[in-house]
Amino acid sequence: MGEVLSQSEIDALLSALTSGELQIDEPSIEEKQKVKKYDFKRPNKFSKDHIRTLEMVHDNFGRISANYLTANLRTSVQIKVISTEQITFEEFIHSIPNPTILMTFYLEPFPGIFMFETGPSFVFEVIDLLFGGSGKGHIKTRDFTEIEKNIVKKINTTLLENLKLAWEDIIHVEFKFDNLETNPVLNQVMAPNEPVCLITFSVQIGNSQSYMNMCIPYISIEKYIDKFVVQYKSTTADVNDANEQNQVRKNILPVTTQCYVELGKTNITIEEFLNLSVGDVVKLDKNTKEPLDFYVEDRLHFKVYPGIIGKKLGVQVYEIIGKDVEDDA
Numbered sequence: 001m002g003e004v005l006s007q008s009e010i011d012a013l014l015s016a017l018t019s020g021e022l023q024i025d026e027p028s029i030e031e032k033q034k035v036k037k038y039d040f041k042r043p044n045k046f047s048k049d050h051i052r053t054l055e056m057v058h059d060n061f062g063r064i065s066a067n068y069l070t071a072n073l074r075t076s077v078q079i080k081v082i083s084t085e086q087i088t089f090e091e092f093i094h095s096i097p098n099p100t101i102l103m104t105f106y107l108e109p110f111p112g113i114f115m116f117e118t119g120p121s122f123v124f125e126v127i128d129l130l131f132g133g134s135g136k137g138h139i140k141t142r143d144f145t146e147i148e149k150n151i152v153k154k155i156n157t158t159l160l161e162n163l164k165l166a167w168e169d170i171i172h173v174e175f176k177f178d179n180l181e182t183n184p185v186l187n188q189v190m191a192p193n194e195p196v197c198l199i200t201f202s203v204q205i206g207n208s209q210s211y212m213n214m215c216i217p218y219i220s221i222e223k224y225i226d227k228f229v230v231q232y233k234s235t236t237a238d239v240n241d242a243n244e245q246n247q248v249r250k251n252i253l254p255v256t257t258q259c260y261v262e263l264g265k266t267n268i269t270i271e272e273f274l275n276l277s278v279g280d281v282v283k284l285d286k287n288t289k290e291p292l293d294f295y296v297e298d299r300l301h302f303k304v305y306p307g308i309i310g311k312k313l314g315v316q317v318y319e320i321i322g323k324d325v326e327d328d329a
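Numbering (full-length UniProt numbering), first residue to last: 1 to 329.
Incorrect hints may have been included.
[As the list claims (entries may be wrong)] Only pairs whose alpha carbons sit at most 30 Å apart, straight line, appear in this in silico DSS-like list of lysine-lysine: (1) K149 with K80; (2) K286 with K311; (3) K250 with K303; (4) K80 with K176; (5) K227 with K80; (6) K80 with K154; (7) K153 with K80; (8) K311 with K80; (9) K303 with K283; (10) K227 with K164; (11) K223 with K176.
[Unchecked claim] Pair ranges (Cβ atoms, derived): (12) N179 with Q258: 48 to 54 Å; (13) Y295 with R63: 39 to 45 Å; (14) A71 with E222: 55 to 61 Å.
Treat the hints as calculated values from the structure; they're not laboratory data.
Values in this document were obtained by computation on a predicted structure and should not be read as measured data.
Note that CB positions come from ideal geometry on N, CA and C, so glycine has one too.
Based on the provided sequences and hints, a complete structural model is requested.
See below:
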């Protein structure tokens, strides 16, 4: 417990404060409450969880796309997400060059449109490599030819189809191409102040670097935005998993399977087959003392010996065949 001041000591402190002999320490700037500016005309529609999920999805997309480009360009390609931020659609349109390759597409079941932009440096370098060049030539800013646009459209379409794999942990999507523009100003598909999430990738092809952008309008994913919040497992997750496994096992065990025993094999001519009649004997390739093959769903699983169980025929398991393990190896 702190020291208790007497009345005389309290009076002395008050007089010192009044005269200015004693100074009160002012709180530092760091200790003061920080005020963050907020523009109500441009509300933050994407939360930190949404941004984190989109970054994770497109980080996977970058790795898958890098593998595809590496195989087709026959040179090392690395694609990484370098920024994920919310801006307006107008800011996105004015931030990309003209001309550029701007593709609009749909990811069903999302109802709205998405945009994917690849700049001239990326486009001309990829085209140069595809046609046998080194990809190190000087890039001049010019309009794209129809042949170049068709080539890049095919490449970008294949890249965007990889979004199906990138999104599979969140939601099942299907890619659908919409349009391709080279002048971004002409692409007025939504209001200028519409909030969008801009994901920027750095593309390292050999020793040169270029960029590409993915634009995701909030209005396009708003209906499914709840799926973007990752649900972390609780401490009871292991117990729930065990219960689910037991339930699955209980449901599987009663399922019937088709089993049969193969007595042996032989080869006969069509003439011999047509002449078979009741009482004829067909010689098989199995010895009477050899075990028979026991099949489950057309796969060999056991070696067995035939016998009689009561008034019925039966088999006794002699050897377990781990064929399924060998096939999966």
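Do the hints match the structure? See the list:
no.	hint	verdict
1	K149 with K80	holds (24 Å)
2	K286 with K311	holds (25 Å)
3	K250 with K303	holds (28 Å)
4	K80 with K176	holds (24 Å)
5	K227 with K80	holds (24 Å)
6	K80 with K154	holds (22 Å)
7	K153 with K80	holds (21 Å)
8	K311 with K80	violated (71 Å)
9	K303 with K283	holds (21 Å)
10	K227 with K164	holds (16 Å)
11	K223 with K176	holds (19 Å)
12	N179 with Q258: 48 to 54 Å	holds (53 Å)
13	Y295 with R63: 39 to 45 Å	holds (42 Å)
14	A71 with E222: 55 to 61 Å	violated (36 Å)
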